[in-house]
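Whole structure, please, built from the sequences with the hints as guidance.
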Amino acid sequence: MAVSLHRVRFLLVDDNIHMMNIVKTMLRGFGGEKIFEAKTADEALDRLRHDAVDIVILDYLLGDTDGTDFCRQVRTSPDSPAPYVPVIMLTGHSEKSRVQTARDAGVTEFCVKPVTAADLLRKVAAVIDRPRPFVRSPSYFGPDRRRAANAEYAGPERRGRRGGSET
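Residue numbers 21 to 187, in the working numbering, belong to the letters of the sequence shown in order.
You may find that some hints are simply not true.
To be verified - Once the Cα atoms are required to be at most 25 Å apart in a straight line, the calculated BS3-like pairs of lysine-lysine come out as: (1) K44 / K59; (2) K44 / K54; (3) K133 / K116; (4) K44 / K133; (5) K116 / K54; (6) K54 / K133.
Simulated from the structure, these hints should not be mistaken for laboratory data.
Note that the structure is a prediction, hence the values are computed from the model and not measured.
Structure below.
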């Protein structure tokens, strides 16, 4: 994996300082130099308004709020400073329902704790090397949730050849 992170600007959003330090150490080990921190959703939104951020790494639980609410706000709020920023969610809560909720809120990638350096690097590389197009519908705005075309599906919502909608 030939990912260079020395110019990537990260925003870590986690209310657990120990976990934040672990992730910062991993990112620095990959060559990451510009790492912003926020302990709350409000702090994170303020950072997004005042600092150019390339990737958000977000905990699922943030004190009184949760990461999915924050992500949904970043994606859909009319005054969002960065609706297209890739969001990697880190969490120990990996139940299928939580993964689906995060996906439906617009999370780009999902990484389960305890996170390894290899897992985190794989997720960061995915958002850099294989960015997904964004989709807007009446009920969703965020990265395309479809990861692969199903050649056997021939229904009315069949994707076009280039990965976009035919309509």
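Hint check: K44 vs K54, CA-CA at most 25 Å. Holds or violated? Holds, at roughly 10 Å.
(message) Check the hint pairing K133 with K116 against an upper bound of 25 Å on the C-alpha distance.
(response) The hint holds at about 15 Å.
Next item on the list: Would you check the hint for K116 and K54, treating anything up to 25 Å between C-alpha atoms as holding?
Entry: Not satisfied, since the Cα-Cα distance of roughly 33 Å exceeds 25 Å.
Margin query: So if I understand the rule, the pair passes when the alpha-carbon distance is 25 Å or less; does K54 with K133 pass?
Written below: holds (23 Å)
Holds or violated: K44 and K59, Cα atoms, limit 25 Å.
holds (14 Å)
- Straight-line Cα separation of K44 and K133 no greater than 25 Å? holds (15 Å)
Of the numbered hints listed earlier, the single one contradicted by the structure is hint 5.
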